[in-house]
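Top to bottom, those sequences are chains A and B.
Quick note: the first sequence uses full-length UniProt numbering, first residue 1, plus one each step.
Quick note: the second sequence uses full-length UniProt numbering, first residue 1, plus one each step.
If you're looking for bench data, these hints aren't it; they were derived computationally from the structure.
Warning: the hint list may mix true and false statements.
Note that the list lumps identical chains together, so a pair holds whenever it fits in one copy or between two copies.
Cross-link-like lysine to aspartate or glutamate pairs, in silico, DMTMM-like; alpha carbons within 25 Å at most [to be verified]:
{"hint": "1", "residue 1": "LYS139", "residue 2": "ASP56"}
{"hint": "2", "residue 1": "LYS210", "residue 2": "GLU122"}
{"hint": "3", "residue 1": "LYS41", "residue 2": "ASP173"}
{"hint": "4", "residue 1": "LYS65", "residue 2": "GLU3"}
{"hint": "5", "residue 1": "LYS144", "residue 2": "ASP173"}
{"hint": "6", "residue 1": "LYS64", "residue 2": "GLU3"}
{"hint": "7", "residue 1": "LYS175", "residue 2": "GLU3"}
{"hint": "8", "residue 1": "LYS41", "residue 2": "ASP129"}
{"hint": "9", "residue 1": "LYS139", "residue 2": "GLU153"}
Protein chains: 2
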Amino acid sequence: MIEYASQPHYLVAVDCIVFGFDGESLKLLLVKRGLEPEINKWSLIGGFVGPEESTDDAANRVLKKNTGLDGIYLEQFKVYGQPNRDPIERILSVAYFALIDINKYSAQLNNDFQAEWFPVNEKPELIFDHNTMVSDARKRLRYKAALHPILFELLPKKFTLPQLQTLFEEVNDTKMDTGNFNRKMNSTGLLVRLDEKDKSSSKKGAYYFKLNHKKYRSDFHLVLNLMPNLRLDI
Amino acid sequence: MIEYASQPHYLVAVDCIVFGFDGESLKLLLVKRGLEPEINKWSLIGGFVGPEESTDDAANRVLKKNTGLDGIYLEQFKVYGQPNRDPIERILSVAYFALIDINKYSAQLNNDFQAEWFPVNEKPELIFDHNTMVSDARKRLRYKAALHPILFELLPKKFTLPQLQTLFEEVNDTKMDTGNFNRKMNSTGLLVRLDEKDKSSSKKGAYYFKLNHKKYRSDFHLVLNLMPNLRLDI
DNA sequence: GCAAAAGTGTTAGATCTACACCCATGC
DNA sequence: GCATGGGTGTAGATCTAACACTTTTGC
Numbered sequence: 001m002i003e004y005a006s007q008p009h010y011l012v013a014v015d016c017i018v019f020g021f022d023g024e025s026l027k028l029l030l031v032k033r034g035l036e037p038e039i040n041k042w043s044l045i046g047g048f049v050g051p052e053e054s055t056d057d058a059a060n061r062v063l064k065k066n067t068g069l070d071g072i073y074l075e076q077f078k079v080y081g082q083p084n085r086d087p088i089e090r091i092l093s094v095a096y097f098a099l100i101d102i103n104k105y106s107a108q109l110n111n112d113f114q115a116e117w118f119p120v121n122e123k124p125e126l127i128f129d130h131n132t133m134v135s136d137a138r139k140r141l142r143y144k145a146a147l148h149p150i151l152f153e154l155l156p157k158k159f160t161l162p163q164l165q166t167l168f169e170e171v172n173d174t175k176m177d178t179g180n181f182n183r184k185m186n187s188t189g190l191l192v193r194l195d196e197k198d199k200s201s202s203k204k205g206a207y208y209f210k211l212n213h214k215k216y217r218s219d220f221h222l223v224l225n226l227m228p229n230l231r232l233d234i
Numbered sequence: 001m002i003e004y005a006s007q008p009h010y011l012v013a014v015d016c017i018v019f020g021f022d023g024e025s026l027k028l029l030l031v032k033r034g035l036e037p038e039i040n041k042w043s044l045i046g047g048f049v050g051p052e053e054s055t056d057d058a059a060n061r062v063l064k065k066n067t068g069l070d071g072i073y074l075e076q077f078k079v080y081g082q083p084n085r086d087p088i089e090r091i092l093s094v095a096y097f098a099l100i101d102i103n104k105y106s107a108q109l110n111n112d113f114q115a116e117w118f119p120v121n122e123k124p125e126l127i128f129d130h131n132t133m134v135s136d137a138r139k140r141l142r143y144k145a146a147l148h149p150i151l152f153e154l155l156p157k158k159f160t161l162p163q164l165q166t167l168f169e170e171v172n173d174t175k176m177d178t179g180n181f182n183r184k185m186n187s188t189g190l191l192v193r194l195d196e197k198d199k200s201s202s203k204k205g206a207y208y209f210k211l212n213h214k215k216y217r218s219d220f221h222l223v224l225n226l227m228p229n230l231r232l233d234i
């Protein structure tokens, strides 16, 4: 007869792949690890799951501690459960990806914690299986972003169509046709054009848009066809 | 300074939502639970994760034990990590959904284990949060099946277009236009028509098809548009 | 005026949807 | 011959991809 008491118990952690976007490239928030083994090496933001909290709670707590932010877009995407993924002791890690508005929060991040933003294609080597986690998270982000408008979570309140297109191109590692992109975005009803223009990157200037939050909430689960020729790994 | 030793350890389990299809309705494989608490109540197939195995290994082992089958289509989809989900002690559960060909394996299942197939809409109440798991698994199956040809995993070697359509309709809880469905399926290149017909459900008979395995493997990650007007929860 | 980025228009082709219509066969 | 489920055809609407074109404005 199987009983609970005779079964092995394990450490359980959460790790967060935190994405940001600075208008040019997709970025990743990494921290210098604060405990042995591999102390002071780059790692994902993570921590152990406490006895009174769910894994979601733990991920939010860890993010809050490292970024000062509440209410971040957070999505659990995979458990890493290989018995030997940590050299000291078995730890199961529940991985989350997080999307944050980099502009809003960068000041706090860089001062209060040993956190640093890296362009996603120029990240340092990470500890353990964190490199795999990042790779998996990028795939998952790509998948979700092709079907749902989650990338708006990465943008500031005001943004331009060229910025939005760059973001899509970064996430999908591809180039898109501007005409078709604009038409598609405008047809979703998710964008509200403002009168103001951003002239920082062109003479003509690009209109600022804001998100139609009502439409965003109501149509979030509607599957859009945001990327042509979609081929997705996961 | 945080150290591993001072952190809490938890039980970790896997639970499998096993789907089957008998040609008419989508089914769920459930077992009578074999340990306290809630012994002899209906539950998902599950078990504790052993010290030397990954969670994937554990899911495969548990499935093998309960179904006699190797090489089942298996996909991890969520961790259930609420601290109080089990009344005795905290257990984190890694949930997998599995797709199996019901015809091939039903004999073994029903004899050797206390396993039973239930139509997915007529399942009994399950223990703990297993009802939520089933509901989440159905959503995830729906999502994936709308974009990738995974439902073939549920079908026998030979199947007809009407059967396939019924399966899609069951999974998505909707009705589809036969003409459009057939055209779409044939255009994927995934089907190979056989000479034989199934006359069991009509006078004219429906051609049997088999899966083009090569195409299935090569195009698996290509995102198809298998369902119109898609709205997906997860 | 010219260069450069933003944004609009156009067009051929593909796909989608709804629905009408033929097919094969057991009774 | 007719009912029944299987399967095909078709026309209009919609969507797509590619690319040419216009707009704006700092220099």
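Taking the hints in turn, this is what the structure says about them:
no., hint, in the structure
1, LYS139 <-> ASP56, "both (21 Å within a copy, 20 Å between copies)"
2, LYS210 <-> GLU122, "neither (30 Å within a copy, 46 Å between copies)"
3, LYS41 <-> ASP173, "neither (28 Å within a copy, 50 Å between copies)"
4, LYS65 <-> GLU3, "between (37 Å within a copy, 18 Å between copies)"
5, LYS144 <-> ASP173, "both (15 Å within a copy, 23 Å between copies)"
6, LYS64 <-> GLU3, "between (37 Å within a copy, 21 Å between copies)"
7, LYS175 <-> GLU3, "neither (56 Å within a copy, 46 Å between copies)"
8, LYS41 <-> ASP129, "within (13 Å within a copy, 39 Å between copies)"
9, LYS139 <-> GLU153, "both (17 Å within a copy, 24 Å between copies)"
Taken one by one, the earlier hints fail for this structure at numbers 2, 3, 7, listed in ascending order.
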